[in-house]
Amino acid sequence: MELFLQLIVTGVMLGSIFALVSLGWVLIYKCSGVLNLAMGELTMIGGYVCLAFYQKFVTIMPVNYAFVLALIGTIFIGLILGLLTERVFLRKMIGEPVLAVIMVTVGLSFFFKGLVFMIWDTDTQVFLPRIFSIEPIVIWGITVGAVYLWSFIAAMILMVIFICFFKYTRWGLSMQACADDEMAALSLGVSAKFVYALAWAIAFMAAGVGGTLLGNINGLNYSVSSLGLLVLPAVVLGGLNSVPGAIVGGITIGILQNLAGGYGEAYIPGSKEVAPFVFMVIFLLFKPYGLWGWERIERV
Amino acid sequence: MSYLPCGTYFESYADDQKWWRTNFIKSKMIVMVVLLAAVPYLVGSQWMSVFYTINYYILAALGVQLLIGYCGQITLGHAAFVAVGGYTSAMMVLFLPWPQFMVDAGLVYPISIVCAGFAAAIWSVLFGLPSARVKGFYLIMTTMAAQWITLRLVITQLSKIGGREQSFPLPPGVIKIGPWVIDSDEKIYYFSVILVLICLVAMGNLLRSKIGRAWIAIRDNDIAAETMGVNIIVYKLLAFFVAGFFAGIAGAFWISALFFVSPENYEWFYSLLWVGIILIGGVGSIQGIVFGSAFVVLVFKFLEMGVLGLSDVLMTSYPEWGWVTTKIIFFKESVFGLAIIFFLIYEPNGISYRYWQIKNYFNLWPFSYTGK
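For the record, the sequence lines run as chains A and B.
At position 161 of the first sequence the residue is numbered 161 (our numbering), and the sequence of numbers has no breaks.
At position 202 of the second sequence the residue is numbered 202 (our numbering), and the sequence of numbers has no breaks.
Everything labelled a hint here was simulated from the structure, so no lab data went into it.
Among these hints, one or two may not hold up.
Pairs of lysine-lysine, DSSO-like flavour, derived with a Cα cap of 30 Å [stated by the list, open to error]:
hint, chain 1, residue 1, chain 2, residue 2
1, B, K18, B, K28
2, B, K135, B, K210
3, B, K28, B, K135
4, B, K327, B, K26
5, B, K28, B, K359
6, A, K30, A, K287
7, A, K167, A, K287
8, B, K187, B, K176
9, A, K272, A, K287
10, A, K30, A, K193
11, A, K56, B, K327
12, A, K193, A, K56
13, B, K301, B, K210
14, B, K26, B, K187
15, A, K272, B, K135
16, B, K359, A, K92
17, A, K287, B, K359
18, B, K18, B, K135
19, B, K28, B, K327
20, B, K26, A, K92
21, B, K135, A, K30
22, B, K210, B, K359
23, B, K135, B, K176
24, A, K92, B, K28
25, B, K135, A, K92
26, A, K193, B, K135
27, A, K167, A, K30
It should be emphasised that the depicted structure is a prediction, and the values quoted were computed from it without experimental measurement.
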């Protein structure tokens, strides 16, 4: 029972990182209709950029400040990269068939993967000196790694910031309008180009923070990008165009992965990686549009 | 289908649907077969592997083209089905107790190819089942799940058989078709050409039958197809079956070229690559598969040659820049990603569309009536 609770709690905390990255994914899909398969690489880039900043900053200031500053730097770089990516590659693809757009994001993922390995090499790198203590924290008898707890807190804070941004700022409202009905939004003077650029920038920022947190848990290497790809089952579970769905889906995937890792691994090795996908396929057989995805009503 | 030369017309549908509609097309095909047979004598032996890699990509992308280009079911997990084919064939050849006369007659490997086709086809139908209910990106995700689940299963379950770590080497002489032992690049090449020709003709014939018309109807609008009396679930699953069968054949062929099976030949990268191939070649065109495969393999080959040349120059002239050579392999991947992106941005209809335009230009010359 204790193991079970512990797995669940850690799963929720790991899942909150997935939820953060899925939020960025859903945003791109809602605003511009692009199905982004490069999300894993975006996550990885974020992690490596933050590591580079951290290694620079840690020589001149205390660890905590250095990490926070590095995180802010990552968000800033994510903003620039997101705007650039949208401008250079994706804007030309507006109105092209869905498959072509997907393949462009696949090309992006090859490009970014090559770029990251060109700059930082393929060896596993860790954040040194450690930012979070190895000592686990005990809450009500449940042992939780400090990394997980802080990741959870950071992800939650960022998610609240993003959601407030959508609800209360002018830019966020224009994004909502564009996602709801692009034609109507355009006729009311919302700039679609600006909204697309903003969506990509936010996705890059969210993925960057997610990658940093994932990198803190297991060290940074190529596996971070396959963890980042887990946002795809997460968003499918929640329904493609639902922000709450993305969050719930992300947390579900986190819990599932942990439970499969804790219990299934003994019987079927490799079930940790497979469980989210198996669950997703079975789930889709019963709810073809995820939890809260829009059902497309088709007419001939 | 391109426009026919001026003055050529048909009086029956049977004539219009023929493989070789005019004598010119027929002679073109014969010249092509002769050329294919002569390739090993025309090019150096180091290019043989390029040619049979192209053929492998054609075989593998055939199923992807069928699903995406003709049936409208987007798949991003085709490498899984190729893996099933490859492993089935390898396992059958290595571990089944074949009677000696079959081994002597060289029947083992051909039988294993067919079995690999069926195994991959059934596996593919299993993951095609959700297509009865889900569409679009949700379907993409289920096929992606096929990739993860299959590869994980292969790595964790199969690779332990026989105590080997990751790969199963195939001892020389095992891959034997009738009296021929496949052991040299030329033989692999001829084998691949024969397989590709058989599969392309089979696919072409399927597409001009009732089944092919049903697939195309589903691609264009599945609800309309259903109201017209096409049983869309059966035909969608049939598309997955046939695509899986081609994938299985591709996988079974590739073990004869590699002489081993190992999971890293079936990474997700390859699934994406094959979708990229049909997009580059042209969606919904059989020639497109050939063009796309040739383009991708040649781009890789030239990048590799350029990279090797560059690293040679660097090593000899600028030793202090030697660290660049360790990064060059990633440079190759980056450039390949960019090549795909810019190809899609500037040539969205694929190579086969250009080919179609050029062919029509000559067919209709000097009285072009297409207006373009």
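Here is what the structure says about each hint:
no.: 1; hint: B:K18 with B:K28; in the structure: 15 Å, holds
no.: 2; hint: B:K135 with B:K210; in the structure: 23 Å, holds
no.: 3; hint: B:K28 with B:K135; in the structure: 41 Å, violated
no.: 4; hint: B:K327 with B:K26; in the structure: 49 Å, violated
no.: 5; hint: B:K28 with B:K359; in the structure: 13 Å, holds
no.: 6; hint: A:K30 with A:K287; in the structure: 20 Å, holds
no.: 7; hint: A:K167 with A:K287; in the structure: 29 Å, holds
no.: 8; hint: B:K187 with B:K176; in the structure: 11 Å, holds
no.: 9; hint: A:K272 with A:K287; in the structure: 23 Å, holds
no.: 10; hint: A:K30 with A:K193; in the structure: 14 Å, holds
no.: 11; hint: A:K56 with B:K327; in the structure: 23 Å, holds
no.: 12; hint: A:K193 with A:K56; in the structure: 35 Å, violated
no.: 13; hint: B:K301 with B:K210; in the structure: 40 Å, violated
no.: 14; hint: B:K26 with B:K187; in the structure: 27 Å, holds
no.: 15; hint: A:K272 with B:K135; in the structure: 27 Å, holds
no.: 16; hint: B:K359 with A:K92; in the structure: 29 Å, holds
no.: 17; hint: A:K287 with B:K359; in the structure: 48 Å, violated
no.: 18; hint: B:K18 with B:K135; in the structure: 34 Å, violated
no.: 19; hint: B:K28 with B:K327; in the structure: 45 Å, violated
no.: 20; hint: B:K26 with A:K92; in the structure: 41 Å, violated
no.: 21; hint: B:K135 with A:K30; in the structure: 17 Å, holds
no.: 22; hint: B:K210 with B:K359; in the structure: 28 Å, holds
no.: 23; hint: B:K135 with B:K176; in the structure: 43 Å, violated
no.: 24; hint: A:K92 with B:K28; in the structure: 39 Å, violated
no.: 25; hint: B:K135 with A:K92; in the structure: 26 Å, holds
no.: 26; hint: A:K193 with B:K135; in the structure: 28 Å, holds
no.: 27; hint: A:K167 with A:K30; in the structure: 15 Å, holds
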